[in-house]
Amino acid sequence: MPSAKTEGLRARKKLAARKAIAATARRLFAERGFDSVTVAEVAAAADVSEKTVFNHFPTKEDLAFADREDGLKQLIAGITQRPPGVGVLDVFRALTTNLIDNHVAGGNRDLLAVAKILRHSPALQERLTAGWESGAAAVTAAIAETTGADDADPVPGIVARTLWWTHRSIFLTALRGLLAAEDRERLVARLHDAADRAYGQLADGLGEYGSGPR
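Counting from 1, one number per residue, gives the positions in the sequence shown under this note's numbering.
Bear in mind the hints are in silico, worked out from the structure with no lab data behind them. You may find that some hints are simply not true.
Unchecked claim - For each label pair, taking beta carbons as the anchor points, the in silico distance ranges come out as:
(1) L9 with V39: 24 to 30 Å
(2) A137 with E182: 15 to 21 Å
(3) N108 with D153: 17 to 23 Å
(4) V39 with D150: 41 to 47 Å
(5) W165 with G212: 21 to 27 Å
(6) D196 with A11: 25 to 31 Å
What the hints assert, rightly or not - Straight-line Cα separation of at most 30 Å, DSS-like style, residue types lysine-lysine; simulated pairs:
(7) K51 with K19
(8) K51 with K116
(9) K19 with K60
(10) K13 with K116
(11) K14 with K51
(12) K73 with K19
(13) K73 with K14
(14) K116 with K60
In this text, a Cβ means the ideal position worked out from N, Cα and C, and glycines have one as well.
All chains should be built: construct the whole structure from the sequences, respecting the hints.
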C-alpha cells in the first residue's frame with residue numbers, strides 16, 4: 001500500500017502537471033485565439049499526450065477556465081468558514097479587493113491572457129456566463145447553509161446573485177481595462193472606487209446579512 005508520503009508526492013506531481021498544461025493552453029489561446037488551437041497542439045506544446053490533457057481537462061473549454069473551480073472552492077470556503085460577526089458581503093468585498101490588489105495591480109499575466117482569450121470567442125463568453133450561474137447556485141447553497149435558511153427561502157439566492165454579479169462586474173471592468181492597455185495605477189484606482197461605491201450601497205441593506213451567530 002502506498003505511503004502517505006508517496007500519495008502526497010503523486011498529488012503534487014499531478015497538480016504541477018495540470019498547472020503546466022493549463023499555462024501552456026492559455027499562452028497558445030492568447031497568442032492565436034481559442035478557436036485556432038487544437039487540444040493536440042496544446043498537448044504537443046506541453047510535452048504530454050492528448051490523453052493526458054483530457055485526463056486533467058474533460059473539454060477544451062475547461063482548459064481556458066482551469067482556475068475557475070479552485071477560485072469557486074476558495075469563495076465557498078470563505079463563506080462557510082467565516083467567523084461570527086462577519087457578513088457575507090464582507091467575504092465578497094475581500095474577494096474583490098484581492099482581485100484588484102493582487103491580480104490587477106500585481107500585473108497577473110494569466111488575467112490578461114484570459115481577457116485576450118475571451119475577447120474573440122463568443123463560445124467561451126457563453127461558457128463563462130453559464131459558469132457564473134452555476135457558481136451562483138453553489139454560493140446560494142453555502143449562504144443558505146450558514147444562515148439556516150430553508151430550501152423555500154429565496155433570499156439566499158437573491159443575496160448570492162447580487163454579490164456574485166457585483167464582483168463579476170468589477171472583474172469584467174478589469175478585463176476591459178487591461179485589454180485597452182489602461183494605465184495600471186489609474187485602472188486600479190478606478191476599480192477600487194467602483195467597488196467601494198457598489199459595496200457601500202449594498203451595505204445599507206446587506207451589510208449585516210449572515211453575520212449573526214451560527
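Here is how each hint holds up against the structure:
Restraint check, L9 to V39: a C-beta distance of roughly 27 Å satisfies the suggested window 24 to 30 Å. Roughly 33 Å separates the CB atoms of A137 and E182, a value that falls outside the hinted 15 to 21 Å. The given range of 17 to 23 Å is broken by N108 and D153, whose C-beta atoms sit roughly 37 Å from each other. Remark: the range hint 41 to 47 Å for V39 to D150 is upheld by a beta-carbon distance near 44 Å.
Taking 21 to 27 Å as the suggested C-beta distance range, the pair W165 and G212 conforms, at roughly 24 Å. For the pair D196 and A11, the supplied restraint of 25 to 31 Å is violated, since their beta-carbon distance comes to about 40 Å. The suggested pairing of K51 with K19 holds, with an alpha-carbon distance near 16 Å, which does not exceed 30 Å. Distance restraint check for K51 and K116: the Cα-Cα separation of roughly 27 Å lies within the 30 Å cut-off, and the hinted pair is therefore satisfied.
Our distance criterion of 30 Å between C-alpha atoms is met by K19 and K60, whose separation comes to about 15 Å. For the hint linking K13 to K116, the alpha-carbon distance of about 29 Å falls within 30 Å, and the restraint holds. About 14 Å separates the Cα atoms of K14 and K51, which keeps this hinted pair within 30 Å; it holds. Taken as a hint, the K73 and K19 pair is honoured in the structure, with Cα atoms around 17 Å apart against an allowance of 30 Å.
Among the hinted pairs, K73 with K14 is consistent with the structure: their alpha-carbon atoms are about 19 Å apart, no more than 30 Å. This hinted pair checks out: K116 and K60 have alpha carbons roughly 16 Å apart, not beyond 30 Å.
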